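A.B. asks: What follows is each chain in one-letter form.
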Amino acid sequence: MADAMKQTGQEASNAAYGPPPVIGPGHTFASVTEKIASIVLRKGTKRGWMVGFGLSFLGMLMMLNTITYLVFKGIGIWGNNTTVGWAFDIINFVWWIGIGHAGTLISAILLLMRQSWRTSINRFAEAMTLFAVACAGLFPALHTGRPWLDYWLFPYPNTMGMWPNFRSPLMWDVFAVSTYATVSALFWFIGLIPDLATLRDRATSKIRKVIYGMLALGWRGSTRHWSRYETAYLLLAGLSTPLVLSVHTIVSFDFSIGIIPGWHATIFPPYFVAGAIYAGFAMVLTLGIPIRKYYGLDDFITNRHLRNMAKVMLATGLIVGYGYAMEAFFAWYSANTYEAYMYKNRTTGPYWYIYWLLILCNIAVPQLLWIKKYRESTVMLFVISMFINVGMWLERFVIIVTSLHRDFLPSAWTMYTPTVFDFTMFFGTIGFFLTLMFLFIRILPMISIYEMRTMVPEAKLKSEAHASPDKPAMPPAGGPQESPA
Amino acid sequence: MPQIFHRSTNTLSRVSIVSVLVIVGGVIGILTQINRTPYISQAYMAKQQPVQFSHKHHVGDDGIDCRYCHQTVETQASAGIPSTKTCMNCHSQLFATSPYLEPIRESWRTGKPLLWTRVHDLPDFVYFNHSIHVSKGVGCSTCHGRIDLMPQTWQVQSLQMEWCLECHRAPEKFVRPKDKIFEMEWPASGFDQAVEGPKLVKEYKIQNQNVMTSCSTCHR
Chain A
1 MADAMKQTGQ EASNAAYGPP PVIGPGHTFA SVTEKIASIV LRKGTKRGWM
51 VGFGLSFLGM LMMLNTITYL VFKGIGIWGN NTTVGWAFDI INFVWWIGIG
101 HAGTLISAIL LLMRQSWRTS INRFAEAMTL FAVACAGLFP ALHTGRPWLD
151 YWLFPYPNTM GMWPNFRSPL MWDVFAVSTY ATVSALFWFI GLIPDLATLR
201 DRATSKIRKV IYGMLALGWR GSTRHWSRYE TAYLLLAGLS TPLVLSVHTI
251 VSFDFSIGII PGWHATIFPP YFVAGAIYAG FAMVLTLGIP IRKYYGLDDF
301 ITNRHLRNMA KVMLATGLIV GYGYAMEAFF AWYSANTYEA YMYKNRTTGP
351 YWYIYWLLIL CNIAVPQLLW IKKYRESTVM LFVISMFINV GMWLERFVII
401 VTSLHRDFLP SAWTMYTPTV FDFTMFFGTI GFFLTLMFLF IRILPMISIY
451 EMRTMVPEAK LKSEAHASPD KPAMPPAGGP QESPA
Chain B
1 MPQIFHRSTN TLSRVSIVSV LVIVGGVIGI LTQINRTPYI SQAYMAKQQP
51 VQFSHKHHVG DDGIDCRYCH QTVETQASAG IPSTKTCMNC HSQLFATSPY
101 LEPIRESWRT GKPLLWTRVH DLPDFVYFNH SIHVSKGVGC STCHGRIDLM
151 PQTWQVQSLQ MEWCLECHRA PEKFVRPKDK IFEMEWPASG FDQAVEGPKL
201 VKEYKIQNQN VMTSCSTCHR
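If you read the sequences in order, they're chains A and B.
Be aware that the first sequence starts at 1, since it is given in the numbering used here, and climbs by one per residue.
Be aware that the second sequence starts at 1, since it is given in the numbering used here, and climbs by one per residue.
Keep in mind the hints are simulated off the structure, nothing from the lab.
Computed from a predicted model, the values in this text were never measured in an experiment.
Positions of the beta carbon are idealized from the N, C-alpha and C atoms, including for glycine.
Among these hints, one or two may not hold up.
Stretch by stretch, here's where chain A covers chain B in the computed footprint (C-beta under 8 Å, at least three residues) [said to hold, decoys possible]:
1) 5-18
2) 27-35
3) 155-163
Each pair of labels, with its calculated beta carbon distance range [claimed, not checked]:
4) B:Thr37 <-> A:Gly349: 50 to 58 Å
5) A:Phe57 <-> B:Thr37: 41 to 49 Å
6) B:Thr37 <-> A:Thr204: 51 to 59 Å
7) A:Gly74 <-> B:Gln152: 50 to 58 Å
8) A:Leu186 <-> B:Pro151: 54 to 62 Å
9) B:Gly29 <-> A:Phe189: 37 to 45 Å
10) A:Leu186 <-> B:Thr32: 23 to 31 Å
11) B:Val20 <-> A:Ala328: 47 to 55 Å
12) B:Phe5 <-> A:Val51: 52 to 60 Å
Only chain B is shown next, with the shape it has when bound in the complex (with noise of 0.2 Å):
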């Protein structure tokens, strides 16, 4: 009887298995890893905005503090977005007439607000409040980036939700002083995140584990 395969049906047999296994292995690990890109998470990715608006100027060569413009955020939910009125505070008298202000100007003649897009659009199904996190020691780069860097604004956090039980599992490894919740440059030299974190937990009366990571916490 003749045979029906090649001889090199032995080895390609073999290959196959081991084959099989590595790409599917491959595969799967992939797309774990795709779904952690910012291709999906929108990290890195600034958007279009109505006006240019740059974080870089106003905080890193201005030196203007967080709070003049996001004004609600150590009371309440939302940071809050500054009115047109607190563009005007200024912009009535500096780069009155440049052309890329011309919305905000526009906004004002006519009371219409300007549409800003949204950058960390956190699902709908998550509570998320500001105030809590801030009143807690939770700085403002540590989610949000050096946004004093920023020309334009990105998230620099994956938002995932493995990302916020990062902190939720272990506040000790991120928790700052008060007085430094508004600093772009954390952590600062000299300042003993191992020795400190802990005792800022305390201090701050945060609570266990099981009630920072239970589901109820976040998805209310």
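The shape of chain A in the complex, shown without the other chains (with noise of 0.2 Å):
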């Protein structure tokens, strides 16, 4: 991250004016105000949005559809079977789960690092954070097959006087996801409180008040407030710090605890971290673009910001061919038959070309993000993210499918193909994830209102002139990214 810091420094120190700013030319206090707060506020909703939420509430339905008869009729509509025991289901999970990854380095780590630039993107890569592990946790919790028992999962003082087997790491993912959704849902929450109280100031009519005023928890900005309010959301910052890493990587001890050839692999826990992050990424690239493109927000995600998190992706996508590599190596110098043959049928077996698109998604296609042109386009690199996405759900598909297809047992090799409901299960979470980031747009503040205002030029000379005592309740002085030095 430094080192793409550095980079960035240097672009633009040829100008002699330090990096590129985080936030465009001529905003004051009132202008970044009313911008962001005009789209949630605006009366009427514009027909974009519309079409767009309305496709993306019948994925929503489709899913749920599924859901209902894969609750009537069990997880026999799916294509698992008895030798590839998982299939989409953790595919999906893992896939989401690793998404997520993004909005909490972006909000927790970069702001611990105080990288100002995240400022515009962690709202709503929060938030993407938040809806993606709503999806990733469908999918364990309807694999179980019998849904309505998913309490079981849990430690609670049950009749049969025993705990869940706390040495499995199925049981270690229960709290990692938990924990996680918990956190996550804190942070992003905390960090709307300001937000939702100048939502609450600006609303006009009765009903907006009250329930951006109930959300607001009684918010009033006095120094007081403040003062706490930076504390705690520094604190959970570090709360959410460790969890960038640990989730992850219970993600990939799943698999490496267990000794299928092709998952147990120490390298698993930090190829997954870098996985996660690197879609996770994508993903914000992914729907960072159109929304900027589409609410005109070029002057708050500016390209500096595109440009950072190509840069971040470059970087975790080469940790990830790390990952490959090593794989491969593995398979040779571990000198183990049934490693040799993994990667062996993983890469000329049935599911060849499979193995063969994830390398050209994950590996070959960001590798133009080596180029100074495409990184600076938007297009391109939306083209790429897309790529990376795919990418990274080839990768899961590789990681179980193939692993489990050539059992120790050849009388047990099978060939797994997903059926309708599997397809209609994972686009369905696909719209599942859009209806809710449509509204998360349509009702909330999709950038940080407060900590923008700390980014334009006023913020600078106020807190450099240490506030006057006429103007008391600024948020910028001492803001969260804002050292007093």
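Take the two lone chains, each set in its own frame, and fit them into one complex as the hints suggest.
C.D. replies: As structure tokens, this is what we get:
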């Protein structure tokens, strides 16, 4: 990350004014507030939003129908079989959980590292995290086959006199994911409070005032509020930071604790975490580029933001590539027949085309990001991030299906073919995710208003002047990412 | 700008934070306890039987040994339900004309067995064997209670897994000497379970906890 920032600095240093600003020129406190709040508070809804929301909602309905049929019929409607016991359900789970990671990374780690460019993208990246976790959570909950008994996953004083098996990584998963969901939701909501108060104050209709007012928890913007608020926000950032690493590490344990060739590898945790951040940033770009275009937010989500994200993708993509290389290396170096066969099967077996598509999407295409011209082009960035989204899904398919379908006993060897319900469930969750995303950009400020206010030149002047007494409760002074020095 | 909310909202929100925690915690607590009530476990619920058979009369008043009727309790998985013939051993002479015993005489005439209602009904996924429990020193009354005082028959234990594990995790707290298995009044005075229990466990060669609480010991 530091390297990425240094590079950005170098790019602009010929202008001798430091890195390019993270906000377009000519903005004031008032214009920032007006621009972001008006997206939410405008009367009537744009037609484009309506169409997008309608399509996503149809997708969500498809998911709900699939779930209903699944609950009545059982998981036999999926293509999973006795050899490939995990398939789309766990592929999708890992894919969605991975996507969430960029949100936490942006909001927590970049906050602690005082990377000011995170400010305009953290809010919707966090929302993305939350919604991605909601989609991810559906899969393990439903793949148990009897979702109404899912509370068995939690340790509660039951009449069996037993605890769940704490030595099972699947148990750790329950805690990792539920902690992740809780902390992400808290972090997101805490970050929203001052903005909800802004919306409450600017809303004209009674009902909006009351709803935003209730959500704002009585925020008045007093110095005491701000001081406590920033402490709380930093503490939550600290709490979220280990989650960036821990959640996907534990998800990778689901595989690496097992002795299946292709799963049982020590490289899994770092390789999964890098993959998660890779996928997450790709999704942030996939969502961010159209949103920025549609709502004309180029001043807030500047090219510098896109460039930085492209660099993070390039870096994490290379780590993922290293992971693939190591899998190949250890297949040979371990001198283990099963490992060697696993690798041969991946590259030349019946699912060879999935493996090579994965290499194309995840390794080959993203190398275009080395070229500055492509990092600057929103169209190219969007296309490349789409490739990565697909590639990361294929990666989980390769890991799960190609490892399982060639069991230790050749008599159990089989092929996995997804059914139509595997696809309606998967695409349905995308609809569900986009539905939540559309609702979010309509009813909540998708960019943090109060943090953006700290980015305008006015804020710099005021904090340097140590906030004169006639300007008491100005949010920017000592904002979370503005060190007083 | 007028205030949106009344002053009381402050108190209300504080109270609601606390009450959400209390209510959610309380509901979970209550649900876990409801699962342990006789309503769920059926303990202390007498079942309707085809004949008003009284263990109190037969065991408590007459002193008939358990094994007179439940013959296979020491040798087989099921303790055994007596055939009509066992009843008729006595009841061809005693109360031979009682209207209460008409179903037994009818069964005797037609050869159709009585359909008793099972009182201790374990789930089908549990493997339970009476003979091993009896031969390892688990007395009748430990699980079935004071059957000699029951005019109608009911279970006195929840039969839930945590109850099974209570003994499987610490058998020394429950085992008795071989000759006291069919004793109804137990623990007898003068018997020190804390001292005798571990000795008996050793004597009966009861397996260690790993075996006793392994899943496949009961779920086969």
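A.B. asks: Look at each hint and say if it fits the structure.
C.D. replies: Results for each hint:
no.: 1; hint: 5-18; verdict: holds (count 4)
no.: 2; hint: 27-35; verdict: holds (count 3)
no.: 3; hint: 155-163; verdict: holds (count 5)
no.: 4; hint: B:Thr37 <-> A:Gly349: 50 to 58 Å; verdict: holds, 57 Å
no.: 5; hint: A:Phe57 <-> B:Thr37: 41 to 49 Å; verdict: holds, 44 Å
no.: 6; hint: B:Thr37 <-> A:Thr204: 51 to 59 Å; verdict: holds, 55 Å
no.: 7; hint: A:Gly74 <-> B:Gln152: 50 to 58 Å; verdict: violated, 42 Å
no.: 8; hint: A:Leu186 <-> B:Pro151: 54 to 62 Å; verdict: holds, 59 Å
no.: 9; hint: B:Gly29 <-> A:Phe189: 37 to 45 Å; verdict: violated, 27 Å
no.: 10; hint: A:Leu186 <-> B:Thr32: 23 to 31 Å; verdict: holds, 27 Å
no.: 11; hint: B:Val20 <-> A:Ala328: 47 to 55 Å; verdict: holds, 53 Å
no.: 12; hint: B:Phe5 <-> A:Val51: 52 to 60 Å; verdict: violated, 37 Å
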